[in-house]
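K.L.:
Start from the sequences and build out the full structure, keeping to the hints where you can.
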Amino acid sequence: MVALLLTMPMWILVSFVFEPTNENWQHLTETLLSEYIINSLWLMLGVTFGTLLLGVPTAWLISQYQFFGKGFLHWALLLPLAVPAYIIAYTYTGLLEFEGPVQSYLRGVFSTQTVNAWFPEVRSLGGAIVMFSLVLYPYVYLLSRAAFSNHSQQALEASKILGAGPVRRFFKIALPMARPAIIAGLTLALMETLADFGTVQYFGVPTFTTGIYRTWTGFGDTTTTVHLSLILLAFVLVLMLVEFWSRKQAKYFATNTSGHAKSRFIQLKSWQSITAFIFCLLPILFGFLLPALQLLYWAITTAQSEFNAEFIQLIWNSFFLASVTSVVVLVLAVFLVYAKRIQNHASTNYAVKIATLGYAIPGTVIAIAVMIPLGWLDNTLDTLMRDWFGISTGLLLSGTLFALVFAYSFRFLSVALQTVDSGLNQVKPSMDESARTLGASRFNILKNIHLPLIQTSLLTAFILVFVEVLKELPTTLILRPFNFNTLSVRAYEMAADERLADAGLPALLIVLTSMIPIIILSKLIGRNHA
Amino acid sequence: MLKLQINAIKSVYDDTAIINDLSLSLENGEIGCLLGPSGCGKTTLLRCVAGLQELAGGEILLSEQTLSTADYTQPTEQRNIGMVFQDYALFPHMTIQQNIQFGIPNLSRSQKKQRVQELLELVSLPNTEKRYPHELSGGQQQRIALARALAPKPDILLMDEPFSGLDVELRESLAREVRCILKAEGITALMVTHNQNEAFAIADSIGVMHSGKLLQWDSPYNLYHEPKHPFIADFIGQGSLISGSVCDCHAVHTELGLLKTHLPFGVQTGEHVSVLVRPDDILHDDDSDWELEVVNRAFRGSHFLFTLKLPNGEKVMCMSQSHHDHKVGSKIGIKLEMDHAVVFQSQKTVCLLE
Numbered sequence: 001m002v003a004l005l006l007t008m009p010m011w012i013l014v015s016f017v018f019e020p021t022n023e024n025w026q027h028l029t030e031t032l033l034s035e036y037i038i039n040s041l042w043l044m045l046g047v048t049f050g051t052l053l054l055g056v057p058t059a060w061l062i063s064q065y066q067f068f069g070k071g072f073l074h075w076a077l078l079l080p081l082a083v084p085a086y087i088i089a090y091t092y093t094g095l096l097e098f099e100g101p102v103q104s105y106l107r108g109v110f111s112t113q114t115v116n117a118w119f120p121e122v123r124s125l126g127g128a129i130v131m132f133s134l135v136l137y138p139y140v141y142l143l144s145r146a147a148f149s150n151h152s153q154q155a156l157e158a159s160k161i162l163g164a165g166p167v168r169r170f171f172k173i174a175l176p177m178a179r180p181a182i183i184a185g186l187t188l189a190l191m192e193t194l195a196d197f198g199t200v201q202y203f204g205v206p207t208f209t210t211g212i213y214r215t216w217t218g219f220g221d222t223t224t225t226v227h228l229s230l231i232l233l234a235f236v237l238v239l240m241l242v243e244f245w246s247r248k249q250a251k252y253f254a255t256n257t258s259g260h261a262k263s264r265f266i267q268l269k270s271w272q273s274i275t276a277f278i279f280c281l282l283p284i285l286f287g288f289l290l291p292a293l294q295l296l297y298w299a300i301t302t303a304q305s306e307f308n309a310e311f312i313q314l315i316w317n318s319f320f321l322a323s324v325t326s327v328v329v330l331v332l333a334v335f336l337v338y339a340k341r342i343q344n345h346a347s348t349n350y351a352v353k354i355a356t357l358g359y360a361i362p363g364t365v366i367a368i369a370v371m372i373p374l375g376w377l378d379n380t381l382d383t384l385m386r387d388w389f390g391i392s393t394g395l396l397l398s399g400t401l402f403a404l405v406f407a408y409s410f411r412f413l414s415v416a417l418q419t420v421d422s423g424l425n426q427v428k429p430s431m432d433e434s435a436r437t438l439g440a441s442r443f444n445i446l447k448n449i450h451l452p453l454i455q456t457s458l459l460t461a462f463i464l465v466f467v468e469v470l471k472e473l474p475t476t477l478i479l480r481p482f483n484f485n486t487l488s489v490r491a492y493e494m495a496a497d498e499r500l501a502d503a504g505l506p507a508l509l510i511v512l513t514s515m516i517p518i519i520i521l522s523k524l525i526g527r528n529h530a
Numbered sequence: 531m532l533k534l535q536i537n538a539i540k541s542v543y544d545d546t547a548i549i550n551d552l553s554l555s556l557e558n559g560e561i562g563c564l565l566g567p568s569g570c571g572k573t574t575l576l577r578c579v580a581g582l583q584e585l586a587g588g589e590i591l592l593s594e595q596t597l598s599t600a601d602y603t604q605p606t607e608q609r610n611i612g613m614v615f616q617d618y619a620l621f622p623h624m625t626i627q628q629n630i631q632f633g634i635p636n637l638s639r640s641q642k643k644q645r646v647q648e649l650l651e652l653v654s655l656p657n658t659e660k661r662y663p664h665e666l667s668g669g670q671q672q673r674i675a676l677a678r679a680l681a682p683k684p685d686i687l688l689m690d691e692p693f694s695g696l697d698v699e700l701r702e703s704l705a706r707e708v709r710c711i712l713k714a715e716g717i718t719a720l721m722v723t724h725n726q727n728e729a730f731a732i733a734d735s736i737g738v739m740h741s742g743k744l745l746q747w748d749s750p751y752n753l754y755h756e757p758k759h760p761f762i763a764d765f766i767g768q769g770s771l772i773s774g775s776v777c778d779c780h781a782v783h784t785e786l787g788l789l790k791t792h793l794p795f796g797v798q799t800g801e802h803v804s805v806l807v808r809p810d811d812i813l814h815d816d817d818s819d820w821e822l823e824v825v826n827r828a829f830r831g832s833h834f835l836f837t838l839k840l841p842n843g844e845k846v847m848c849m850s851q852s853h854h855d856h857k858v859g860s861k862i863g864i865k866l867e868m869d870h871a872v873v874f875q876s877q878k879t880v881c882l883l884e
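Chains as they are written, first to last, in the numbering used here: chain A, 1 to 530; chain B, 531 to 884.
Keep in mind the hints are simulated off the structure, nothing from the lab.
Careful: at least some of the hints might be erroneous.
[Claimed, not checked] Listed below are several chain B residues computed to face chain A (Cβ distance under 8 Å; list not exhaustive): (1) A580; (2) L582; (3) T606; (4) I611; (5) G612; (6) M613; (7) D617; (8) A619; (9) F621; (10) P622; (11) H623; (12) G633; (13) P682; (14) Y751; (15) F765.
All residues carry an ideal CB built from backbone N, CA and C; glycine is no exception.
P.N.:
Next up, the structure:
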């Protein structure tokens, strides 16, 4: 039931498939639609190339070799995940635009004409591809590293004994065996690319998300917006199917790693070691360090004027919203996980599966999907109240935080579900049974056995959702109540007003907060490995 | 001719010695087996031979070529060895054909095909070349792993617990089958296992390892009948140790009477020693006047294994035919059938118990 209620907006969206189109749609298909599709395809192609290039070789180096600085790189390679794409886009625009430090310096060295002629425009399709690749490659890195170090270790040793050198080992054994995992990581990166709004909006690369936003806020045309959303959803669906398929494949490639799974790393010689270090450092440098430093610089220079009561209100808004959402999501997740545990029906499992779909769906689409039914409910309620009591309730649901929390809950439920579920999986059913034979009540079991065992995963889920909410831009932008601002919206508005430096402070705060779960999670992964 | 020579090797992991001063050698075509409990360092030894692990001391030679020393480790891929892994490590994304021919990339297509056919015949799995590993049973995967290891005609075949993933009933029969294949091909092989039945079924020579040391390297017969260390006496077969004192260089006095023996070096007359008594040294005989009390009994199907109490409280085991059913507490007649007793110095036994 809960799952169905949560996903209801999606069903309403889908019901629009048969709604007749109007002249806006006609106009759109004639002019912009093909541009949206082509841009999206180029983005996906470019990001595929970029994330593979950054993610796979680094994962291979880290999983197979021992070299200088590896302990640091191992988790630092995940840091770019803390930088939302739209924020990295702002920083590089600041660095590389005409008045930026890089171009100014180059103009000093070469002639102005040469620099103008040769320097690429950051705010372009190519620029967007680079931005996405820099912050999304960790998905590919994380999953392929796991595949390289778990699945193929034994097979790699076997191939070594059969006389295969490093190149043949990589291409014939490691890569094919890790392929499903790499593809799974890639689809995650591509889903994020499709869901992005801030970057493409700022770079002026029209795609579905910007189109949806434009038709919704500009024309207020529900039907056309929904149709656009549905096409975007079709793209996402394909990616989800690919991901689903590759995870199944990955399971089937996973050999049981009993016995000698302890991987032994190959020690690299001094210059090789330095090369590997530099190679792995590059993505961190460009995907995290440089943008973070730029943000820090902006934040410091603008702190005097920007850090005021209004900004504190901004922090309070963001953190309050994120906390409330996290609690709601956590309660829902615990409820669903226990429902699944207690009554292991096909229908319950199915409901839980559906509830996790939200993560794949772009924030823009979710916002629209939530807006439509809530707006309708509000109107109905308002009319009813006016008819009966003569009071106008106004926008009770759609214009308040309720809509936001509802949308977030749907989008981020899967994050919490997976974490809580894996936490509860540690509690074997036999533990419940043995506790009950020892005379413990259900409440007692929950308090004394389950809670201590799953509290870490509850905390992890809380932090993960918290950070996701903090970063989320389009949903907040569309659904926020009037005059309600958050850090992400503030950064967006400042950047849109060409006040990049003023975007620095809120952006830096987002990035810093987002680092927390990455550090915690890499510690957790590290502990599981040991 | 000596094929494999391992001279006084030492291997260290995280500052603890996994293997300490271990030496052994294999003749051309000999099948050796290292037997020992888990954690004794036997798998590490195989990995040293394979070059997957570096040495901290000593040397390993194959066909009189140096493979590893403390300063030098020839890369694994250049060693021309074959290895069968505990979980086979077949490549899941390749067919059986591709798996087997992986180690022979330089042959022509038709030569490869022919070699694969030969090997599949050899392991009695013809016509499986187009299938994938997961379509085969555990025992079949294990034979494919063997075929793959043999494809490049390795100088030596290493096997790491190759049968441990299989059903108990299958293990011994497959071990015997593998022995036949290896003997037919004249392949030198070194296997590790913790299962003595597998070791007996496959090996010409067996070494028992304990805490990184090789205690004895000998024929299966000698390991059972003349163990050189109380640990081996305990690990291989069943038996119990009873106390005794040395009478002279040919006999030792125990509760079972005067037993003939070959005394180990350094044992003095009159010294207290431990004497190994196997269940098949004591036979049940209803006509015998020599009676001992049954304190425990175990039915083994084909026979009974009785635990008997000696007058001084020490216990020995006795095997009898399975229709001789005696209750615990009753007394049964026995007679000795002992060629000569195996004697250990008492300190050695104490060391082991610690």
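K.L.:
Please go over all the hints and tell whether each is borne out by the structure.
P.N.:
Hint by hint, here is what the structure shows:
1. Annotation: interface hint on B:A580 holds; nearest CB of chain A at approximately 6 Å, less than 8 Å.
2. Nearest Cβ of chain A to the Cβ of B:L582: about 6 Å, under the 8 Å cut. The hint holds.
3. Using the Cβ-Cβ criterion of 8 Å, the hint placing B:T606 at the interface with chain A is satisfied: the shortest such distance is roughly 4 Å.
4. The beta carbon of B:I611 is positioned within 8 Å of a beta carbon in chain A (closest approach about 6 Å), and the interface hint is therefore held.
5. Checking B:G612 against chain A: minimum C-beta separation of about 7 Å stays under 8 Å; hint holds.
6. Checking B:M613 against chain A by beta carbon gives a least distance of about 5 Å; that is within 8 Å, so the hint holds.
7. The beta carbon of B:D617 is positioned within 8 Å of a beta carbon in chain A (closest approach about 6 Å), and the interface hint is therefore held.
8. A hinted interface residue such as B:A619 counts as satisfied when its beta carbon comes closer than 8 Å to some beta carbon of chain A; here the least separation is about 4 Å, so the hint holds.
9. At a threshold of 8 Å, the smallest CB-CB gap from B:F621 to chain A is about 5 Å, leaving the interface hint in force.
10. Below 8 Å, beta-carbon pairs count as interface contacts, and B:P622 has one with chain A at about 5 Å; its hint therefore holds.
11. The closest approach between the C-beta of B:H623 and any C-beta of chain A is roughly 5 Å, which is under the 8 Å cut-off, so the hint is satisfied.
12. Interface hint at B:G633: satisfied, since its Cβ lies 3 Å from the closest Cβ of chain A, which is below the 8 Å cut-off.
13. Against a cut-off of 8 Å between C-beta atoms, the interface hint on B:P682 holds, since the closest Cβ of chain A lies about 6 Å away.
14. The interface hint given for B:Y751 is violated, since its Cβ lies 31 Å from the closest Cβ of chain A, which is over the 8 Å cut-off.
15. A distance limit of 8 Å between C-beta atoms decides the matter here; for B:F765 the minimum to chain A is near 21 Å, and the interface restraint is violated.
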